[in-house]
Structure formats: structure tokens, C-alpha cells
Amino acid sequence: MTDEAISIHGLVKRYGGNPALDGLNLSVPRGALAGFVGLNGAGKTTTLRILLQMARADAGSARVLGLNAAGHVESLDIRRRTAFVPERKELFPYMTVGEVIAFTKSFYPGWRGDLEKRYLKDFALRREQKITQLSKGTLTKLHLLLAFSRGAELILLDEPTDGLDPLGVEVFLQALVGLVAEDGVTVFFSSHRLNEMEQVADYLCIIHQGRALLNGNLDELKAACRRVVMVFHDDSRALAAEFAAAGPLKQDGRTLTVLANGAVDSVVARARGLGARSVDVQPLSLREIFLDLVRGDAQ
Amino acid sequence: MMWRKSWWECRFRVVCVALIYLSVSAGALLLLLNHGASAPPSARLNFYVILLACLIAPIVTVLLAGSGINSQTSWGMLHGFHASMYFLLSLPVSRRRALLIRSAMGGVFTALFVVLSVCTISLLALWSGTRIPPNQVLGRLPFILLGAFGLFGLSTLLTIVFDEFWAGMLGVSIIGFFFGMEIAFQSLPIRFQPAEILSGQQFILTGAVGWPVIAFFFLLGVISMAASVYLVERKEY
Numbered sequence: 001m002t003d004e005a006i007s008i009h010g011l012v013k014r015y016g017g018n019p020a021l022d023g024l025n026l027s028v029p030r031g032a033l034a035g036f037v038g039l040n041g042a043g044k045t046t047t048l049r050i051l052l053q054m055a056r057a058d059a060g061s062a063r064v065l066g067l068n069a070a071g072h073v074e075s076l077d078i079r080r081r082t083a084f085v086p087e088r089k090e091l092f093p094y095m096t097v098g099e100v101i102a103f104t105k106s107f108y109p110g111w112r113g114d115l116e117k118r119y120l121k122d123f124a125l126r127r128e129q130k131i132t133q134l135s136k137g138t139l140t141k142l143h144l145l146l147a148f149s150r151g152a153e154l155i156l157l158d159e160p161t162d163g164l165d166p167l168g169v170e171v172f173l174q175a176l177v178g179l180v181a182e183d184g185v186t187v188f189f190s191s192h193r194l195n196e197m198e199q200v201a202d203y204l205c206i207i208h209q210g211r212a213l214l215n216g217n218l219d220e221l222k223a224a225c226r227r228v229v230m231v232f233h234d235d236s237r238a239l240a241a242e243f244a245a246a247g248p249l250k251q252d253g254r255t256l257t258v259l260a261n262g263a264v265d266s267v268v269a270r271a272r273g274l275g276a277r278s279v280d281v282q283p284l285s286l287r288e289i290f291l292d293l294v295r296g297d298a299q
Numbered sequence: 001m002m003w004r005k006s007w008w009e010c011r012f013r014v015v016c017v018a019l020i021y022l023s024v025s026a027g028a029l030l031l032l033l034n035h036g037a038s039a040p041p042s043a044r045l046n047f048y049v050i051l052l053a054c055l056i057a058p059i060v061t062v063l064l065a066g067s068g069i070n071s072q073t074s075w076g077m078l079h080g081f082h083a084s085m086y087f088l089l090s091l092p093v094s095r096r097r098a099l100l101i102r103s104a105m106g107g108v109f110t111a112l113f114v115v116l117s118v119c120t121i122s123l124l125a126l127w128s129g130t131r132i133p134p135n136q137v138l139g140r141l142p143f144i145l146l147g148a149f150g151l152f153g154l155s156t157l158l159t160i161v162f163d164e165f166w167a168g169m170l171g172v173s174i175i176g177f178f179f180g181m182e183i184a185f186q187s188l189p190i191r192f193q194p195a196e197i198l199s200g201q202q203f204i205l206t207g208a209v210g211w212p213v214i215a216f217f218f219l220l221g222v223i224s225m226a227a228s229v230y231l232v233e234r235k236e237y
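Top line first, the protein sequences correspond to chains A and B.
Residue numbering for the first sequence follows the numbering used here, starting at 1 and increasing by one per position.
Residue numbering for the second sequence follows the numbering used here, starting at 1 and increasing by one per position.
Extracted from the complex, chain B is given alone in its bound form (with noise of 0.2 Å):
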């Protein structure tokens, strides 16, 4: 049953995504469409991986890391945590339980939007006259999980430690400050430019691995996640 509260908790927040994401992969199609053909064929892919990465990512992994094992409503913010806790926090199961499947659901959604991204990337990439290999995104497909995981596991921490509104902001603006980072120094390899794992777009293009990038990006997830389970066992209600 706690996979189903997790799920009850998770599904309106799967809509929202799942909507940004169609109406970025349609707004992307149409700007191909509309105005692609007078830019060469790797600016446009740039600019649409750039645009998927940007917006998809940041929202998936922060809409979906929850909100620990505090309850959600079906929308809006939490501000403090809903009362309904106290109920939960008396039933025989421990927190970290409550955290570790809450945050399975969110992180099964994350992975799923993930690897719908790659494919959309993928698809426009075809259409704009640039194929990429299909063995090529599904073996750079881990590469860029794993970048979601280190994401969704900072996601999680801060949505144990800050209310759900200002986790949100703050997962955005570090998401924001990894792209800013990008374009401030372009004249770092590849390898040592987080937002590259996070769009996947070299992996794709290139096959180029940037090992420095996700060890930092496996152990933000390990972290992340070991220091929210610690949080959550100690936090008082």
C-alpha cells in the first residue's frame, strides 16, 4: 500500500511533467519546421537538446524527487508539511521505507521522461538531417540516467531540508547554475562540464564520455540520497 500512496502522491505531478514535456517536444517541432532550414543542421540540434535539457530536466527531477516522505497534495505547494504526516509517522513503517519508495516512484517517472527525452533528441535530430545511431543512445542512455540521478538525489535533499516551493527554486536555480557554467567557460573540455551529462548531447553526437562529470554526478546522487534517509531518520515532528 505504500507503493500505491506513493503513486497517488506521484500521478498528478507525472501529468504535469509529462505536459511540459509534450508542449517543449511540440515547440521544438514546430521551430524545425517553421525556421530550421535556414540554420545549419548542428546549431538547430544544439539549440533543441540545449532547450529540452534546460527546461525538461530541472522540472522533472525537482517535481518529481517528492517531497521526502512529508505527504503531498494533489497540487500546488507545501508550505511546513501537511498534517496528515503525523497519522503516517504513527504506522509501523520506518522513514526510511517511506523515503526509499516514494522516491523509487518519483525516480521510475524520472528515468522514464529521461529516456523519452533522448528519444524526442533523437527523432529531431533525424529530421534535421543528423542520424544518430540507435546503438549509440542506448549506450550513452546510462550516462545520462545516471546525470537525472545525481539531480533527483539533490531534488530529494532539498525537499527534506527546504518547504516544497523553496526546494523547487533552489533545485532550478543549481540546475540554471551547471548550464550557466557551461556557457561561462566553453573553453573547458567536455569532460569537466556538468551540463553536458544532463542533455547528453555530446554522448549523442560524439560518443564522447566525460568520466570526471559522472563521478561527480554518481556521488551527488549517493549523497544526496544517503544524507536525506540520515535527515529524515533524525527530523522531529
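So that you can see chain A by itself, here it is in the shape it has in the complex (with noise of 0.2 Å):
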């Protein structure tokens, strides 16, 4: 049995010529709680319907749960294995809620009945209620029951908590620790709320334009991503391709700042090496590094 939840290997992806994919790389290992970041259009939905067939890579390869996605009696085993909550989060408007959950149980001899009691309770859904007559964020809700109660090994979710309430928001993400804690179950998840995905995730990829910037454990990423200020005697701008190599840069007078990715001690040494009035290392938000690096990659 692989490590690895979801290894992806150079995936290029198309839409009538424009790159949606452009050689992507990344790997989540089992039993992660893994965030998915990027701007809108990066890729991150199309990364997930690929991995469920939904699409065809142009090049590349993806395998989920060690199957290869592409191959359609391996997509069914994966779909067997996997739970998913898409971006329009949609359900049979002729169903009730009961029914709907009637509907997907049938696909799932491994169907959790404690979880589906637990997040009707928790997320107020009635089974009688006409899907029909949901709001937005009741959808989300029924999609997270759905998606939790399936028994799986890997949760693919894209933009989990569109829509969602304060209160929904604290139950899915209680929800997921609690999956991933206890039932050892693997969590891929985009969203744009990244103070939420920093409460929960381990693992994060970062996409760009199709490609990934980032791939690893969050808490080594954050560790080894810091903000070095450095205060110079004169103007700064001279200075500024000495550190070029270190990460993206700011020049802003005598004051340059670095976004040092793994390599802060050295930054700091050459700094104070070049006569640095002051060098202050700065901890980053997961919303810092995001943008730093996004920015970083767009200049």
C-alpha cells in the first residue's frame, strides 16, 4: 500500500489553449489533513475533477489512493474510497434530504449511520425538508453529511465552507480533525479562508498558474518561512540582488525585507555581514506566506 493519497505528476490540463494545468506536481500522504490554496483560476477545481474523472489531463499522470485516476474501473474504486463535496454544491432538486441520503447510502456498504444521526443533529437538517426549499448553506451542510457519513478513506472538498454559518464552520472543522484523528481518514481541501485552514491543516499545496509553489507539512513550512527586515545605513537598492536568491523581495528606502523560505540564518548572516543597522525575523501567517509567494511568483 502507497504512502501517498494523491500523487500527481506533471498534469497539464487545457481549456481550448489556455493552460488551466501547466505541469503539476504534488502528493499528499495518508492520513493528512492536506489545504489546497490557491487564487481563483489556479486550477485547484480542476485538479480535483481529474482526480475523479470528471476530466481528462491533456499529460501527466494522477493516482488516487495508488490507482490510477485515468482508468475507468480504477476510477470506480477510487470514487468506492472517496468522498467529495464539489464547488456548486447542487443536489437532485426533486429528492428530500431523507432521500437523498437514502440515495447515496445505497453506494456505500461501509455508511456511517452514527455520523449521519451526528451531523443531522449538528448541522439542524430535517429529512423531510425538499432540497428544493435549502438555502445555500444547507446545501454545503448536506454535502458535508453526505461526504462524512460515506465511510471513506480520502474527502476531496472544494470550498467546504462556501456559505457556511460561524456555527457550521466550527462543526466542519471539529468534524474533520475529528476524522482524520480518529478514523485515520485523508482530507484534500481548497478554500479561500485561509485563518480557517490554518486552524486544521498539516499539510498544504499552494497552486500558481497551474503549478504548485508549495508542497509540504504546514507547521515545517511556517517554521521555515520567516520575514527578515533589515534596516541598512543608506539606500537599500544596491543591496537588494545580494539577497535576490533568498526569496521575494521588498526595497522600500533604507529597508528591505525578504521572504526567506528555509534559508533565514544565512539571510540574517549577510545582512549583518553587509552592516545592517537592524535585521528583525518575523513569523508568517499562512495568509503572509500565501501572498508573499503568489506575488513573489507573479513579479
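Read the hints as simulated data drawn from the structure, not as lab findings.
Quantities reported herein were computed from a predicted structural model and do not represent experimental measurements.
Selected chain B positions facing chain A (Cβ under 7 Å, derived; list incomplete):
1) Ala83
2) Ser84
3) Leu89
4) Leu91
From the structure, some residues in chain A lie toward chain B, with a derived Cβ separation under 8 Å:
5) Arg49
6) Met54
7) Arg56
8) Arg80
9) Leu91
No residue lacks a Cβ here, since even glycine has one placed at the ideal position from N, Cα and C.
Need the complex rebuilt from these two chains, each delivered in its own frame; the hints are there to steer you.
And the structure:
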């Protein structure tokens, strides 16, 4: 059994000549609660759709739970062992909540009745409610119930907190942590809400323009990424080139700021060697790391 | 549960088709009662048969062919596809199976309405003074069903390639073309006239079997269904 729940190599997908994925490489270890972050149109949804064979890659390969995502028979097995919450959270408009649950349950022998009852209560869903009468947030809650109760080994979530109220978000985050910690489920979820992701994720993939900018353990990533603020005696413009290889740079008068990824000590030593008046090493939030990386890549 | 889902998606269309069938049959019966006496029996029957075939066959097949594996709303037409498709495609069910179950459900009801139409034509014929022997009706029914299968397969294929609205428009247009051919080329032998198999008129009245047309509709149905499965399996969402 492979240690990777998701393994993607050189994935390319074009829509009408425009690249949605441009040689994407990423991996998610089993048992991880992995966040998938990127700007709009970065390729997150396309990636998730390729993993479930809703779309086909033009080049490259994707494996889910050790199985080839492009194989017809293997894809059925992947879907048997995977749960998915799509970006567009619609369900069959002619069913009730109870009917959608019964319909979904029929495909999964390992359906978790205990979790179904728990999330019906926690999300305040009633079986007799018609799908057409559910609000956007309530539809999201029902989607989450359907995903969490499947007894899946891997849960793929595309913007799962979209439309959720704060209480719903809290239930969702607790559920994710519980599924990973207690049941060993792997979760791979895309979201724009980086503060929520930072609360629960232990693994992170940052995608930009169809390529992975970062892919690794979140704590190690945050430990390695530091903002180094250096103040020099004179204008720092001429010194900027000295730090160009360390990471994205920002120069403002005598101040030079570097987002250092993994080479903080050498940046600090170099700054002192160049006679910096002060060197301040600051920790970064996930949001700051993401924005600095994306801006740096764009430049 | 896939069968139940197919029934849920199909049921409102079955009701629509039943209403159309009843209203057309009732209209034909009223015409027969009020204005039928002056026309010769064969002309009256010809009119009713064409009326039923023209109105019911296209609507039945186009409405009941579904929309490929797309989720359908209870009423109205869909542009593009309903976003619940993403949920369906995440389930461990192959697209081929989803399509075949949905088509089988629509096909059963199409067959049911075809049988009802044939029975209605036989009763109207009897009312007009033309008795069609029951064994002749039963013997020719498989050929009429085969004609409906051809149209049903074509309608299924159209709904996979086009939006529901355009598939419906095209389906009705193609069937209208078949009937137009019959009017334009009346000198053609019956066995080469596609509309004959749709109405079953000549089969019932004369027992004639148009093998070329039967072969055409059989092939149309088989090729259309095979193409539908192929396209659905390759389609990207």
C-alpha cells in the first residue's frame, strides 16, 4: 500500500489552448489534513475533477489511493473509497434530504449511520426537507453530511465552507479533525479561507497558474518561512541583488524585506555582514506566506 | 436506487406524455363523432393515424429519452447541465450504467405509450367501421416498437450532444422530416417510407412489412445508443 493518498506528476490540462494546469506536481500523504490553496482560476477545481475522472488530463498522471485516476475500472474503485464535495453544491431537486441520504447510502456498504445521525443533529437538517427549499448554506451542510458519512478513506472538498454560518464552520472544522484523528481519513480541501485552513491543516499545497509553488508539512513550512526585515544605513537598492536568491524581495528606502524560505540564518548573517543597522526576523501567517509567494511568482 | 432516481426524473414527463396522449386521442374521437360521417372510412382512419403518429411519437420519444445522464428538473428545460451532476459523478457508478438505466426507464414508458397508441388506433378504426384483426395488431406491434426504438436512440443521442431544448427541437424536426418525405415522395414504395413504421398504419391495415425501413430504424437505434454511451463516457464536466 502506497503512503501517498494523492500523487500527481506533470499534470497538464488546457481549455481551448489556455492552460488550467501547467505541469502540476504534488503529493498528499495518507492521514494528512491537507489544504489546497490558490487564487481563482489557479487550477484547484480542475485538479479535483481530474482526480475523480470528471475531466481528463492532456498530459501527466494522477494516482489516488495508489490507483490510476484515468483508468475506468480504477476510477470506480477510487470513487467507492472517496467522498467529494463539489464547488457547485447542488443536489437532485426532486428529492428530500432523507431521500438523498438513502440514495447515497445505497452506494456505500461502509456507511456510517452514527455520523449521519450526528450531523443531521449538528447541522440542524430534517429528513423531510425538500432540496429545492434548502438555502445555499444548508445545501453545503447536507453535502458535508453525505461526504463524512460515507466511510471514505479520502475526502476531497472544493470550497467546503462556502455559504456556511460560523457555527456550521465550527462543526465542519471539528468534524475534519475528528475524521483524521480518530478514523485515519485523509482530507484534501481547497479553500480561500486561509485562517480556517491554518487552524486545522497539517499539510499544504499552494497552486498558482497551474503549478505547485509549495507542497509540504504546514508546521515545517511555517518554521522555514520567515520575513526578514533589514534596515541599512543608506539606501538599500544596491543591496537588493545580494538577497535576490533568498526569496521574494521588497525594497523601500533603507529597508529591505525578504521572505526567506528555509535560509533564514544565512540571510541574517549576510545582512549583518553587509552592515545592517537592524535585522528583525518575523514569523508569518499562512495568509502572508500565500500572498508573498503568489506575488513573488507573479513578479 | 439508480432505478428509483430514474423514475423520479422520468415521472413528470410520463404525466406530460399521458396528458398529450389523452388530449390527442380525445380530439380524434370528437372529430370522428362530429365530422367523420361525411368522409370515407379509410380517409378518416388515415387522418387519425397520422395525427396520433405525428403528435405522439415525437413527443413521447423526445420527452422520455431523458437527458443522457444529466439530472433533470421536474419541469422545464435545462441549459447546460444541473450542477448535481458533480455529485452523481463522484459516486461509484459508471456513466454507462447510469445512462442505460435512465434510458431503460424512458424506453419502458415509450413502449407503453406506443402500445397504447396502437390500441387507440385499432379502437378508432373499429369505430370508423374498419375492423383490424387483433392478431394483425399484435403481430405488427414489434415492428412499430422497433421504429420507436430508432427514434428513442436518436433522441437519446441528441440530448447528450445538445441542451434539452435544442435536442427536443432537433428531434421533432427530424421526425417532421420523415413525415415530410412521405408526403413529398408518395410514389415511393411503402417499404422505403420511414413515416410508415412510425405510424404503423400500413402494417395494421394491410399487413405490409417494410424491411428496409425496419433495418434503417434498428440500425439507427443501435448506432445512436452505442454513440450515446461512447460520448457520455468521454464527456468532460
